[in-house]
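Chains as they are written, first to last, in the working numbering: chain B, 17 to 161; chain X, 17 to 161.
It should be emphasised that the hints constitute simulated quantities derived from the structure, not laboratory data.
As the structure is a computational prediction, the values presented were derived from the model and not from experiment.
Check each hint, because a few of them may be wrong.
No copy labels: a pair is met if it fits in one copy or bridges any two.
[Unchecked claim] Cross-link-like lysine-lysine pairs, in silico, BS3-like; alpha carbons within 30 Å at most:
id, residue 1, residue 2
1, LYS45, LYS149
2, LYS69, LYS83
3, LYS45, LYS151
4, LYS45, LYS69
2 protein chains.
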Amino acid sequence: METELQAVETAETGDYPVVENDKDYFVEKDGQRFAGMHLLVELWDAENLDDPKAIENILNKAAVAAKATVLHSYMHHFSPYSGVSGIVVLAESHISIHTWPERSFAAIDIFMCGECDPNDSLPVIREGFKPGKIKVDEYRRGIVS
Amino acid sequence: METELQAVETAETGDYPVVENDKDYFVEKDGQRFAGMHLLVELWDAENLDDPKAIENILNKAAVAAKATVLHSYMHHFSPYSGVSGIVVLAESHISIHTWPERSFAAIDIFMCGECDPNDSLPVIREGFKPGKIKVDEYRRGIVS
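All chains should be built: construct the whole structure from the sequences, respecting the hints.
What follows is the structure in structure tokens.
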């Protein structure tokens, strides 16, 4: 538990107030302590990839489904290929999307720290983009033990 | 070369103008065609993790070093742990960062499509955050062949 001691020591120096809320601490799961879970998600044969408003709605709903808090959301609509790059910044990290409508392909990543599980966002992603094929790779970020 | 044919066919339907610029096409490298390169970067024993302005400057310089074009940049400064969540949206995808200054740790991801190579951003990341340890994992997103 060396990592918890480190946080407490810093708090005691007075650099910042000690709070009960430990949302910013690393999480522990299956005996491993780490910063958060990062999913790299690929959608093929997907829909709604050229509509920034629809995409923003889907990503916001996906965040809420994982009990995450949205801080900021930004969508950029490209031309001439109609692709969208979008990002939703969360209190618990972020969701990003980049779409290639001409290939019915989208690359999404969902990074959530704390108690949020990005896998809880996947049903909303599936419902919103209706991919014929989906590939999900899961990475634990910041493993300390 | 089925993927190139598909793009040309769509263009011929008149849904969008045919252009010479092929920046939005998938790239080909080592005989593999894919959407872009995604680096998951972890910094340990790093500096400048609680300064949103410094972080924004470093990420913007990192984007430029890889010849990427910055479209939008957003930093959020948390309390009480002083962590920063930041995102730089690029014409070629994005760079994100989430920092835990109390642990001297940062999780960065750099996703670039087209001809940009996210590895070209790493010297700026090293110079800016001076990590004692850095871990870089590279993934090809949207592999079609």
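Hint-by-hint comparison with the structure:
1. In this assembly of identical chains, the alpha carbons of LYS45 and LYS149 lie at most 30 Å apart whether taken from the same copy (29 Å) or from different copies (24 Å).
2. In this homomeric assembly, LYS69 and LYS83 come within 30 Å of each other (Cα to Cα) both inside a single copy, at 21 Å, and across copies, at 29 Å.
3. Within a single copy, LYS45 and LYS151 get their C-alpha atoms as close as 23 Å, and across copies as close as 21 Å, so both meet the 30 Å cut-off.
4. With identical chains, the CA atoms of LYS45 and LYS69 are never at most 30 Å apart, being 36 Å at best within one copy and 34 Å at best between copies.
Checked against the numbered hints given earlier, this structure breaks only hint 4.
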